[in-house]
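Modelling step: build the complete structure from the supplied sequences, incorporating the hints.
Going down the list, the protein sequences come from chains A, B and C.
Note that the working numbering has the first sequence beginning at 1211, numbered continuously upward.
Note that the working numbering has the second sequence beginning at 6, numbered continuously upward.
Note that the working numbering has the third sequence beginning at 59, numbered continuously upward.
Since the hints were derived computationally from the structure, they do not count as laboratory data.
Take these hints with a grain of salt, some might be off.
Simulated restraints, written as ranges between beta carbons of each label pair [stated by the list, open to error]:
(1) Leu-1245(A) to Arg-447(C): 51 to 59 Å
(2) Glu-42(B) to Val-1471(A): 50 to 58 Å
(3) Pro-1390(A) to Gly-513(B): 31 to 39 Å
Listed next, the in silico DMTMM-like pairs over lysine to aspartate or glutamate satisfying Cα-Cα at most 20 Å (straight line) [as the list claims (entries may be wrong)]:
(4) Lys-408(C) to Glu-1445(A)
(5) Lys-1421(A) to Glu-440(C)
(6) Lys-397(C) to Glu-1445(A)
(7) Lys-430(C) to Glu-1445(A)
(8) Lys-74(B) to Asp-202(C)
(9) Lys-1447(A) to Asp-460(C)
(10) Lys-332(C) to Glu-381(C)
(11) Lys-374(C) to Glu-1445(A)
(12) Lys-1421(A) to Glu-443(C)
(13) Lys-1421(A) to Asp-460(C)
We put the CB at the ideal spot given by N, CA and C, even for glycine.
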Amino acid sequence: MKQLADRTLRWRSITESRLFFPTVAFLLVLLFDFLFIPGFFTIENRDGNLYGSLIDILRNGSTVSLLAIGMTLVIATGGVDLSVGAVMAIAASVAGILMNPSALRNEVFFVTDPTYTFQPLWVVIGAALLVALICGLWNGVLVAYMKIQPMVATLVLMTAGRGIAQLITNGLRVQITYRPFAYIGQGWFILPFSLYIVAFVLLVTWLLTRKTAIGMFIESVGINFRSSYFSGIQESKVKLMAYTFCGFCAGIAGLVACSNVKTSDANNTGLFIELDAILAVVIGGTSMSGGRFSLLASVIGALVMQAVTQSMYAIGVQSYALPAVKSVVVIIVILLFSEQVRGLFLGIGAKKKEV
Amino acid sequence: MLSRASNFISKNRRFIPQAATAVLAFVAYGMGFIYFEGMRNPQVFLNLFRNTSFILISAVGMTFVILSKGIDLSVSGVVVLTTVVSAALLRAGWNPWAVILLVLAIGMILGAIMGSFIVYLKVQPFIATLAGMWFARGMCFFISDNAINIDNRVFRILGQTKILIPGLKELADLQGTPAPYISIPVVVGFIVLLIGIYLAHYTRFGRTVYAIGGDEQSARLMGLPVNRTLMLVYTLNGFCSALAGLSFCLFVSSGHGLYAPGFEMDVIASVVIGGTLLTGGTGYVAGTFFGVMVLAITQALIQFIGTLSSWWTKIVIGVLMLVFIGVQAVLANRKIGDKALDARAVRRRRQKLAFGFGAAAVLVLLAIAVVPGLRGNSYNGQGETTACELEPFRKDEAARLIAEGAVIAYHRLAGPACINEMYVIYPDGRIQKDDGINTTETKIAPTEVENLLKTITEDYGWYTNEIRDTYHVPCRQCFAHYVIVAYEGQEKGVTAVDGGVNMPPGYGFTLAVIRAVLPDGQ
Amino acid sequence: MSTMNDYILTMEGIFKAFPGVQALDNVDFGLKKGEIHCLVGENGAGKSTLIKVLTGVERPDAGQIILDGVEIHPRSPQHSQTLGISTVYQEINLCTNLSVAENVLIGREPRKFGRIDWSAMNVQAANLLKRLLDIDIDVTQPLDMYTVAIQQMVAIARALDIASTKILILDEPTSSLDANETQQLFKVMRKLRAEGVGIIFITHFMSQVYEISDRITVLRNGKLVGAFETASLPRVELIAKMIGRSLDELDDMSSIKLESSKHIKAEAVLDAQKVGRAGSIKPFDLQLRAGEVVGLAGLLGSGRTETARVLFGVDKPDTGHIEFDGATITDHGPLGSIKRGVALCPEDRKAEGIVDDLTVRENIVLAIQANKGWFSHVGIQEQYEIANRYIEMLNIATPTADQPVKNLSGGNQQKVILARWLATHPQVLILDEPTRGIDVGTKAEIQKLVLELADEGMACLFISSELEEVLRTSHRIAVLREREKVAEFSGEVDEHVIMHTIAGSEL
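Written out as structure tokens, the structure is:
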């Protein structure tokens, strides 16, 4: 009898864990790949670096993963940040211009020297991230202090942000040829370099949220901001921090993205990617009304999205048709997370009532 | 007198946001009217409506959605799906009227499906309609990867019929200029607007929408059919999106899944700028009309200013949205820990709204006016690589030549050699070149001219919205162009610079075929 | 047709239980035609549950409801409306963005050729308001331009107009009204009574109960205390029935109290001087001393919670100032209070207390952590230590410290909140209804705990609607009545004196 109870308890602790659902989803996609796509799982070893479809998933999913990490914190406070794509574009623009400012002088100056850069690398990266941070700060002030609805507040930067990015590059696409910068998105050290960036950011964020009080405060504010207020938590500061950090992550993602394509393109960098990021967080089990979150689950969610994308490409679906597939994924996720359907599966009883 | 005026204002306090938008639209247009000669052309005014009729149609439907405290991101998806389905079915030989009915039905069905997700499965509107958008866009590519052209008599008539305005026609005839006209979609847009106003104010459906936006819980307790109304709202919006899609389709004469990116943002921005709160329950459909007008006038102003590229439109619209939203939010602020908000305090705060709006609107307009002046000069600030001393485009001369019988006038500036050349092509095959110093003439076969015109208009869709002005100050490598083409009673002039991110591909192809027949081959 | 003494509504043997608490225990209720009947009782007495059962929001576990001779089973508020039971709640359930006329008539607007006839609607609404309630306002203006009093009138008008109303339920309608507006409401109520409508009037204002009602039904802790003719029930007796204690009860509390009263310091830790807040609490003086328990006695709505909120800093005072250890407080607010060592265990534990998705452990350490700031993390080991310590101390029924708080019963949730504040080792502890929803045994434990804490040097403010609790636990009692502090008693004091003070009547 006790053994059964123990096993049930352990089973429940697995199924109720935040990581359960996204991991299962990921495994399902991999299963699909295993059955229908020959050679999907092969990993080549070329000069000590690993290549293969699986590696591609990790690599191509790194921008969404980075966004998902920042977005998780924002969604956990009960908000959302629609401007992350635009912030990516802004960060990319800043970086591009600082390496190759010819666009500002209205020249299309083709740089052929891969060691040429207008400003040293640390200035380029630092300035881009600083600008991204400021964008996040802007969003945070609008939401936390002016009490504008998050969707509305971030919509503003989403609309105007690309315009700002174009302003920075003067409407031109900036070529990036500086090799150390290109390493960010294209470098390989056994595994793609961007993976290390994701891992690093994940680690730092995890430390920041779980080894300090910040994680608990975010969850508390997202679940019940009034109770949090009565307990002495300053909701405004917490939200400001979340949005600022999300902007920062978007900045990193922007650098990775533009170094990947070696272009700083204000129009296309991060186009529509905010929706992928939000979905990654939702798959990762964070409720859109705020509360408990798990960074790792969100990253897995991002990888699920990427795996779906990659698998679709591998079986010949055109890139333009991808949105349709994504929408099906969204619908499935919605259905699985909806109260009614969940109740059927996990036997969750009715909520307790209060007098 | 003064007291009667203040009485009037306080009685109609709730119309202040819409009034502010209307004033903004008038003032902005007025400024353009004063500064730019081109904007005094009545056709430019009418083009405001022609270029935005599809936005207006969709925005009317979106107003209802936002009034009910929801949001619908799927509109751009439904629009492009409509264009692709229409194009594909027409190509397959379907009856155009059947096609129209079918796509409207599809729009309504998609809207109803999303509505049921939102109402019965309790999915957040944001996510449900986002999925809808992706799904619709994706479906386009199951039908066709490439753009499908529309070559159907009924559609052509619907899209290209010019409806002349009685008074203005006589005026124009006197002046010898082409008569100003609007198109059928414009009329449809106005009809939809009027129907929308009627629905919102004279039907139980409309009033229930307002009630739901005010307080959904209360609306339920008051016995109103909340679920049914919400389903209707999203279905109605699906219909409007499809209708907007048809209008768009007539405009561009083709269908493709990549069209209209960011359309939903334009629509939402129009509704918000038109005074409807995203928090629901407040706003007027008429206000949305002015919101669309503000959008249209902003686009027009930026085109006319010329030195700013079209992405400034996005910035201005973003700023305007922020102003409208931000002021409202600050004034409706609620402090945590308070158990209730005094109704009178809220009213007092809203009174400050009027001043906030006015001041902000004035600031924005000043910015539009002042900034180009600053911006224009800084292009040459960096020293060595100055752009050429640009002559203005010889637009008037080109227009005159077209009126006198030419079919293509092509003016080319800048480039490494800082040239300034105008080519004029006549239907009989003559090509005149005028580089400011000499005039030379060459001749090609008239059939070549005919083919050229056909290619430009039919293959590259010259008279569509896809080929639009995109202008930035050229660098040494690139050329600035002004091309005006006259064919089958239509004329359209486009300014652009090659290089840069915004030049539409169709335009590039057009330039290529024109250059191919020119004497220098350049 | 029938005589005015007929009963239009009888509820018999109503039982209703929620997980962990019996909200209604064999309650009977009778309402006559053409009668204004007050339903009174403190928090948790069961008033709102009874109304929910009557209006169809909840189904009773047992019992009958008979309306006008016919047994009914209301399924929902809309259904009960069609049966003839109209309800106007304290939170106006109208859409304030719509106009007055619309709020009255929406869903039933007059139409002409299928479109809404606005002029007819405006005229109809104006006439309705004039006829039913004798008020004359511009019905075309949006509802939120009017005061809450007018909004209530509109709600009543709508309720009355929809179906032939047999019963009108008014749930705390006068909380946001001033004296004139209340009189206006009473005029309307009398008019309706004359027309044969039965009115259930729920209020906590004693004076109003006596001014307007014909009969009173008292509930206490889910049980029916009785139904009485207003004219033959003196105020102090009513209060005794609501909150009074059974007279013959001896315990060892008094000896603990006597002992600890020796340790009370003379200087005040928290000193409120002429502190008041408009619309909330009239200016008062109150001193809290280390080692002393001050009790706040008074009925619901007398300003007890408002006093607590002002002292803790959630509400800023409009007048006067508060001194802590002699220094005037300038940074009002929860965080400032916590840093100083002032703690508030709030009344509304669901909205202001628990963070329901977080675990017991996290809830307990929340305030300590907030005090330490973002980066000074309370280590996981230490968190478990603290949590387990208080779980044991307060006997919190939970399998582990990692249980989400929402899974606990109401009483245990209350203990978790209490633990949170105790864990901050405050110098001043304000407890607002700390024993609500807790079983009798644990109530006594908590009362004892409060005295022990005082003995260790804490200054406590103990607020409860159960007078016996206040008496047992407090060294000094401040009495509030209708948002004003009216008296203060120290030492041994007779329960009757306090009840008379609360009632405002002579001994």
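Structure-based check of each hint:
1. Taken as a hint, the range 51 to 59 Å holds for the pair Leu-1245(A) and Arg-447(C), whose Cβ atoms sit roughly 55 Å apart.
2. Distance hint for Glu-42(B) and Val-1471(A): a CB-CB separation of about 43 Å, inconsistent with the stated range 50 to 58 Å.
3. Between Pro-1390(A) and Gly-513(B) the beta carbons are some 35 Å apart, a value that agrees with the proposed interval 31 to 39 Å.
4. At roughly 18 Å between alpha-carbon atoms, Lys-408(C) and Glu-1445(A) fall within 20 Å of each other, so this suggested pair holds.
5. Between Lys-1421(A) and Glu-440(C) the alpha-carbon distance is near 13 Å, which keeps this suggested pair within the 20 Å criterion.
6. Distance restraint check for Lys-397(C) and Glu-1445(A): the Cα-Cα separation of roughly 17 Å lies within the 20 Å cut-off, and the hinted pair is therefore satisfied.
7. The hinted pair formed by Lys-430(C) and Glu-1445(A) meets the criterion: a straight-line CA distance of about 16 Å does not exceed 20 Å.
8. For the suggested pair Lys-74(B) and Asp-202(C), the alpha carbons sit about 18 Å apart, so the restraint of at most 20 Å is met.
9. Between the alpha carbons of Lys-1447(A) and Asp-460(C) the distance comes to roughly 27 Å, so the proposed pair goes past 20 Å and is violated.
10. Of the pairs offered as hints, the one joining Lys-332(C) and Glu-381(C) holds, with about 11 Å between alpha carbons and a cut-off of 20 Å not exceeded.
11. Using a Cα cut-off of 20 Å, the hinted pair Lys-374(C) and Glu-1445(A) holds, with the two alpha carbons roughly 18 Å apart.
12. Between Lys-1421(A) and Glu-443(C) the CA atoms are separated by roughly 17 Å; this keeps the pair inside 20 Å, and the hint holds.
13. Restraint check: the Cα-Cα separation between Lys-1421(A) and Asp-460(C) comes to about 18 Å, which is no more than 20 Å; the hinted pair holds.
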